[in-house]
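S.K.: So you can see what is in the structure, the chains are spelled out below.
Number of protein chains: 2
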Amino acid sequence: MAARIDADLFSRAKAADAADPLGGYRAAFDLPVDTIYLDGNSLGPLTHAARDGVSATVDTEWGRGLVGSWNTADWIGLAYRVGAMIAPLIGAAPEDVICCDSTSVNLYKVLGAALAKRPGRHRIVAERDNFPTDLYIADQAARRAGPAHHVQWLAPGQMIEAALDEDVAVLMLTHVDYRTGAMHDMAGLTRAAHAAGALVVWDLAHSAGAIDLDVAGCNVDFAIGCGYKYLNGGPGAPAFIYAAPVHQADIEQPLTGWFAHAAPFDFSPGFESRAGIGAFLTGTPGILGMRCLEAALSIWRDVELSDIRDKSLALGALFVEAVATSDAAPMLALASPREPSRRGSQVSFHHPAAHGVMQALIADGVIGDMRAPDILRFGFAPLYTRYIDVVRAADRLAAIVVDGRFESAAAADGGAVT
Amino acid sequence: MAARIDADLFSRAKAADAADPLGGYRAAFDLPVDTIYLDGNSLGPLTHAARDGVSATVDTEWGRGLVGSWNTADWIGLAYRVGAMIAPLIGAAPEDVICCDSTSVNLYKVLGAALAKRPGRHRIVAERDNFPTDLYIADQAARRAGPAHHVQWLAPGQMIEAALDEDVAVLMLTHVDYRTGAMHDMAGLTRAAHAAGALVVWDLAHSAGAIDLDVAGCNVDFAIGCGYKYLNGGPGAPAFIYAAPVHQADIEQPLTGWFAHAAPFDFSPGFESRAGIGAFLTGTPGILGMRCLEAALSIWRDVELSDIRDKSLALGALFVEAVATSDAAPMLALASPREPSRRGSQVSFHHPAAHGVMQALIADGVIGDMRAPDILRFGFAPLYTRYIDVVRAADRLAAIVVDGRFESAAAADGGAVT
Chain G
104 MAARIDADLF SRAKAADAAD PLGGYRAAFD LPVDTIYLDG NSLGPLTHAA
154 RDGVSATVDT EWGRGLVGSW NTADWIGLAY RVGAMIAPLI GAAPEDVICC
204 DSTSVNLYKV LGAALAKRPG RHRIVAERDN FPTDLYIADQ AARRAGPAHH
254 VQWLAPGQMI EAALDEDVAV LMLTHVDYRT GAMHDMAGLT RAAHAAGALV
304 VWDLAHSAGA IDLDVAGCNV DFAIGCGYKY LNGGPGAPAF IYAAPVHQAD
354 IEQPLTGWFA HAAPFDFSPG FESRAGIGAF LTGTPGILGM RCLEAALSIW
404 RDVELSDIRD KSLALGALFV EAVATSDAAP MLALASPREP SRRGSQVSFH
454 HPAAHGVMQA LIADGVIGDM RAPDILRFGF APLYTRYIDV VRAADRLAAI
504 VVDGRFESAA AADGGAVT
Chain W
104 MAARIDADLF SRAKAADAAD PLGGYRAAFD LPVDTIYLDG NSLGPLTHAA
154 RDGVSATVDT EWGRGLVGSW NTADWIGLAY RVGAMIAPLI GAAPEDVICC
204 DSTSVNLYKV LGAALAKRPG RHRIVAERDN FPTDLYIADQ AARRAGPAHH
254 VQWLAPGQMI EAALDEDVAV LMLTHVDYRT GAMHDMAGLT RAAHAAGALV
304 VWDLAHSAGA IDLDVAGCNV DFAIGCGYKY LNGGPGAPAF IYAAPVHQAD
354 IEQPLTGWFA HAAPFDFSPG FESRAGIGAF LTGTPGILGM RCLEAALSIW
404 RDVELSDIRD KSLALGALFV EAVATSDAAP MLALASPREP SRRGSQVSFH
454 HPAAHGVMQA LIADGVIGDM RAPDILRFGF APLYTRYIDV VRAADRLAAI
504 VVDGRFESAA AADGGAVT
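Respectively, the protein sequence lines represent chains G and W. With the numbering used here applied, the first sequence corresponds to residues 104 to 521, in that order. With the numbering used here applied, the second sequence corresponds to residues 104 to 521, in that order.
Since the hints were made in silico from the structure, they are not lab data. Note that CB positions come from ideal geometry on N, CA and C, so glycine has one too. Each statement offered as a hint is correct.
A partial selection of chain W residues facing chain G, derived with a Cβ cut-off under 7 Å:
| # | residue |
| --- | --- |
| 1 | P135 |
| 2 | D142 |
| 3 | T206 |
| 4 | Q243 |
| 5 | G337 |
If we strip away everything but chain G, and leave its shape as in the complex, we get (with noise of 0.2 Å):
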């Protein structure tokens, strides 16, 4: 098998991680050898310390501390504490995030409020090409508002402002598309929706712990994001909720649990809820995997953001090179954005064959994912992903492309489609 990939982007790399200011942190995540993980934006791999944080929980905590852990351990502040700690992830003030419930659960909660918050406004609007649960949750929030309440669905390459206009509540939109990477203008959206007089709820699961998010400085109004991709919460990790102060005064939220309620341990009947963020929580907290996010999230501390997004921007950019010099590049068509400030952080390319090239490619060691019909999807994290990974990764991938090796593979079934 001859070189795919020239030579140089390889001494390129290993200078870049020597070089590399967060290059310290991989000692923190758990990986397996033999293998490139360029999948973190479905799944972030375990850390030393999710994993003590767990064992506390289990071991000491429940085992030991039983029901009176809810408070020698602060369980009931978990969802605070949490939220703490993703707040400065996203450009936001400690107070002014929570964790809870999963994404779907918590864009319902804010969808609700968000509607209840521009009342005689009936729309909203969002893109068809969001990931699914997005959709239909926003169906159902319209649809539960009240009769005139609906979802206009923008197609593809349709102008967001063009549909903004005084009938539209709410601009609902996925900062970062889960297939291509190509990452909106937060900022700028946001401004639109202003303008209209409409709120904005962004959707970060592809942005939080990957982007140097700034939700405080572009006046979102509402956020939602998840706990288990570049923040690395473990599988099915509880997802987050961030309000704009001005937005946490009277909050009225469909799921409204006994843990909204201003004062849970009285149970009253009647319903008086939390003030601040706290309003958007439901039913008792799965401390588990939140004990577990707020472990993982412990190696966040002294990570500066505009670090990550530089490095994010590098290795996307690398991949995108050792990709685009190799022998397989007229078999590899870009599906994200060229412009690297234009993506967030995974690269995409369409491949005809593209589940088989990614059954393939996981056997060689490095794993990817596809989306139908023909993306493979590439994700870079850079608290543990080498730029020698990249250009391995790469240099793996155009061998497999060039040498025809996916059609064998494609008959297999089975791999990581998550």
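With chain G's structure known, arrange chain W on it following the hints.
M.R.: Positioned in the frame of chain G, the structure of chain W alone reads:
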């Protein structure tokens, strides 16, 4: 300190433990030494199986398998698998129960689905004395179902049957009262609801794992329940939903996230519901919490529910007898039904200084809990509670009450009131 409890009760308890067909299960639990834990109705304790299950999930499935574990460890099927393990504990077929989210979130989904099945009817009938989260959620579910929908709150003692007329869509009841342990007649009230043309939703939070439930035999329409009480699934463990087969054909629930889609990994913009109980799923499931619950449930494989109920009744009766025949009897008024068959698996007493008494009791190694204003609450979990435990607990309770040791303890704050 004089003996407060007849010595004969200790002998009888020891004999009962020696003959207990469930006696062997206690070894499955990792209980703190020198602690009598009678608060499993708040948070069930750790099992060795749960610890091992969590470790395997973290270290092997997540740590080594990474995103591939959605398939290789069948995380995708976990919600169904855990539901099927809960099913026999509530008298349901395996395919009629699913595990997901919190009880609050699940109640919202189930109420939404039930209301949709009774168009033209606008009322939910429920008890004001219910656990508050059910009240708050029912209010929201009614409000979001349509402008004429509302909840009728029955005062304590008000006849449920008398409220059931042709406008009632749903009778929502909690099977076992969280304060008093009073248990409703599931078969009779379900029949009454059906006779009025209404559907019934049962909250099994304080029943599942402690009562010989038979939701299918009682023709229950929908039920929800909790994973972290008698099922020992861990703090904030995911909850479950039961739906009768007859209702699974056209479920219209409000939280249709991508996991409720018939083909979630097609990422299709149009929503098409899963067939069957999976229609109640919402977002990406919290794997850690669900795997912990799954492991905790593994110890139930050979448990006979009739043994559970028999022992639960016997434990409760012994506790009541021990208190009633103690020197403290005049100071502790039974708050639970006197007739054992009308109780769930807990016994409560009124005491004017309940908070202080419980703090003193916890300091003496007996963990129960209190509910405002004056209820001392003791839960019996037949898999690990021994007869000797309840006699010792009654002995220490009587000593505290008779000696008046609770007044100084009342000044100290803290303790578990969850």
